[in-house]
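Chemist: Protein sequences, first through last, are from chains A and B.
Under this note's numbering, residue 495 is the last one in the first sequence; the count climbs by one each step, no gaps.
Under this note's numbering, residue 1139 is the last one in the second sequence; the count climbs by one each step, no gaps.
In short, the hints are calculated from the structure, not lab data.
Beta carbons are placed, not taken as given, at the ideal position from N, Cα and C, and that holds for glycine.
Check each hint, because a few of them may be wrong.
[Unchecked claim] Quick list of simulated restraints, FRET-style, between CB atoms:
1. B/G689 / A/L472: 29 to 35 Å
2. A/A447 / B/D1097: 36 to 42 Å
3. B/L686 / A/L489: 41 to 47 Å
4. B/K851 / A/L472: 35 to 41 Å
5. B/L678 / A/W381: 22 to 28 Å
6. B/G838 / A/W381: 46 to 52 Å
7. A/P236 / B/K749: 53 to 59 Å
8. A/S479 / B/L1074: 57 to 63 Å
9. A/Y433 / B/L1118: 47 to 53 Å
10. A/Y433 / B/G689: 40 to 46 Å
11. A/T72 / B/A1136: 36 to 42 Å
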Amino acid sequence: MIAWFSILPHLILAAGGFSIFCLGAFWRPRSAGVLSGLALIAVFLAGAGVFLTTPEEPQFLGMLEVQGYGRFFTVLIIVITGLTLLFSHQYTKIRNIAGDEFYGLILLAALGMIFVADAVHWLTFFLGLEVLSISLYVLIAMRQADPGSNEAAVKYFIVGAVSSAFLTFGIAIIYAAAGTLSIPQSLVIDVPSGGISLIFLGLSLLLVGIGFKISVVPFHLWTPDVYQGAPAPVTAFLSTGSKAALFAALLRFASYSSDELWLYLTPVLWVGAVLTMGVGTISALAQIRVKRLLAYSSVAQMGYLLMTLLAVKQEGASAIMFYLPVYALMDLGAFGSVALLSAEKADLDALDDYCGLAYVHPWRSAILAISLISLAGLPPTAGFIGKFTLFWAVLQSRYVVIAIIGIIMAILSIYFYFRVVVALFMRPAEATISIPSVALTDRFAGGVILFFLLLLGLVPSPVFTIIEQILPLRGIP
Amino acid sequence: MFPWLSLILFLPLVGSFLALGLWRRPLACRWASLLVALVDFALVAGLFSLNLKGQAGPTGRWLLAEDFPWIERFGIRYSLGLDGISLMLILLTAFLTVLCVLVSWKQITQRVGAFHFFLMFMETGVLGVFLATDLFLFYLFWEFQLIPMFFLIGMWGHENRVYATIKFIIYTIVGSLLMLAALIGLYVIHGAQTGQYTFALYQLVHTKLSPAAEIWLYAAFLLAFVIKIPLIPVHSWLPDAHTEAPTAGSVILAGLLLKTGAYAVLRFAFPLFPSAALVSVPLLLALGLGGLFYAAWIALAQRDLKRLVAYSSIAHMGLVVIGIGVWNIMTVSGAVLQMINHGLTTSALFILVGMLDERVHTREMDNFGGLWAKMPIFSAFFLLFSMASLGLPGLNNFVGEILILIGTFGKWPWVSGIGFAGLVLTVIYILWFVQSTLFGETRNPQIKERHLEDITAREAAILMPLAAAVLFIGLYPGPLLTLFREPIQGLMALFK
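Required output: the full structure, derived from the provided sequences and hints.
Modeler: Next comes the structure, spelled out in structure tokens:
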């Protein structure tokens, strides 16, 4: 008897995606309202499905983990998808890109993300990653008439293909070394002398593949171009959902891996974290385009998370699990409000065009400003508690030098985050741009983000309680 | 016990959202903010009538204290404590906020709702810094006050406001983020030693630190605080921020933000790291004296009235740092008193310059002179507060300065001597400031021909209480010094 109930959210998302495709194919009117409503309902049901079912087994057929950790990230990805759909409703309708492919692919991408976050088997992991990537290739190219959008899609496709190649080869080598495709077992195997180097090689290739996806320097070069070219809600989805999912997987691998293996990886990770924070922050300083600036900012944010991954054997895991939802909210808020502030033809991008917008559109600008203040890590926002938690975990594990480097980068990052705030609030408008009015869905999404950014900044305890119940993450029960 | 402190702390926050909600009706915004600020001031003043006595509670000896768990994961608590020092400082805060609403009545005409939102938001931040006894809570408020200030300068400031506000935020963030790292470091070390992870000040003061660790942690804390004070050589944000800020912004900066820096040195940096603090005393004294002379020297070269007052702030705060650095009862009492005094006199001078600016739209000294004939009452106030600022006996600053310098003489006679010489320089530039503004011929022919309105009833309502406070402290400082004695003795006891 297969416990299908334990993967109810996954099934609902898949069914939702396919029914939207079917409607698109056989139902002439293809009303955008109905399609987006259907997608929202599917996401809502999937979310309800997580809370309604209590799986008895921790794993589903040895493929997916459906308790604790997996459920935490399933909920996170469902929330991200829901907010993305809310932000896209009006955006896609005005720009005439609302169709079955957009909403169906968003649901499928979400399914892929959940697979990646839940996977305890290398095949599910790879499958999830491919579902996620292929959906995103199309989503990025959604604005077919826009050369920038197409360029971004091609870039993301090539990078994605290369990273898949690395991943497949890495998984193959790990399989060769460990003799099993189960993730926990392959990472804690009792390695014979000489064996460690093979599994280390496999893991390194795997990390390169993941590194591409979460924009670890030096594999980050695609990030600004793709973020800039993709439609803003898709960028929001890409920068939060896919990063959260892959980081969840990375955290899982790190927690499962034996201490011996981990010891080998630490120096690589140290250098990678410093480079990612440094290059992300310093490149962002010079940007004059907001989407590129936010792209580099997300690179830098990944750097902070990688730094914290060093401490995974102590308190790092709980810090990362707190920061990922916070990061998702902040980036969704930032890219979402960019979408709301964009004119019909192209997304609002040049920093000069943001000047004085706060006086015309105070609420949208306030969401952007508060998201940026949160990304900068200032109280009373969730970003502050998040940053505090990260640095606490790192210092707790006595990584003092990298913590100081991180602090210096955080100081530098204040400058570029506040440059956008200054443009919005303190510079006179240069030209008036006509920006479409917001729909109810946008207001709702913006309100939710604002509310949780402030709530988690003041009352973070409930989230920590949940995380404490989930951790520690054990490989083999 | 009724949570008076929380009420005082969060009432302005409620007021800020009230003001934001009324943004369509500017006048209602002003009245609502004024009302909230007055009620808050009345509440603080009402604390005196409670006849508070210092009581030893779970978090130390306080007149009033509150303590609740907040983020249990990290042992962070919401704990507030009030002693004589913080009582006077929150009284000053509540008082100056009322004045800020009043001085902005005519000056701020754009985006009134948002202005009052940030102003009241700011008050909560400053009050929090003076009341928090949990280091995490303190840090939260410490950063919390940055954002409203950033917007106050950047949205309602003068021509160069964007440059000034970015400079302000970068300077302060450099200090405070390094302090955050040190704070977490101290927390981790304390937790590893005792097994109890906490940010409570009364527990962290007992942490045993290796000399090297102590020096580094202390340096990070001190840097954050001296940037706010500001001490040379990290003062350069101050003249820009003060000059570009609207009058209310300058009043808050000079009257309150600078005080949070000095207060934090007194409350946190010295007690947490006593041996490192003792090592740093000569450096602090040298920088304090340096600030006194340097700022006086630069002030003599200023043409902009606001900039001149800003530099006088650096000089006065240099003296406060000397008072804290010498660390005996007399000098620390003097330093705390001087913090209050500086808050009153410098705010008054900024308000007066702001009033001039409102009338003639310039702050260039070359345009003025001969104001005494045109606006006698205004000029009388101007003279009074200038005299207070240069330390005329009988007015408030004199008491603080004399306490600091006499207290210093015992252990550091040279410092005291040089300090007195520095005060002479202060006399020179303040007299020059007064002379070129009030007396002689009006140099700008346009202003000379114009009729300038003397102070209005609203302006009198701002200046009278300030003048009364200046005279009161100058003539009868006893009650304040009594209030400070117990907490300062408590601080001294930590060093034995």
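Chemist: If a hint holds in the structure, say so; if it doesn't, say that too.
Modeler: Evaluation of the provided hints:
no.	hint	result
1	B/G689 / A/L472: 29 to 35 Å	holds (31 Å)
2	A/A447 / B/D1097: 36 to 42 Å	holds (40 Å)
3	B/L686 / A/L489: 41 to 47 Å	holds (44 Å)
4	B/K851 / A/L472: 35 to 41 Å	holds (38 Å)
5	B/L678 / A/W381: 22 to 28 Å	holds (27 Å)
6	B/G838 / A/W381: 46 to 52 Å	holds (48 Å)
7	A/P236 / B/K749: 53 to 59 Å	holds (58 Å)
8	A/S479 / B/L1074: 57 to 63 Å	holds (58 Å)
9	A/Y433 / B/L1118: 47 to 53 Å	holds (49 Å)
10	A/Y433 / B/G689: 40 to 46 Å	holds (44 Å)
11	A/T72 / B/A1136: 36 to 42 Å	violated (57 Å)
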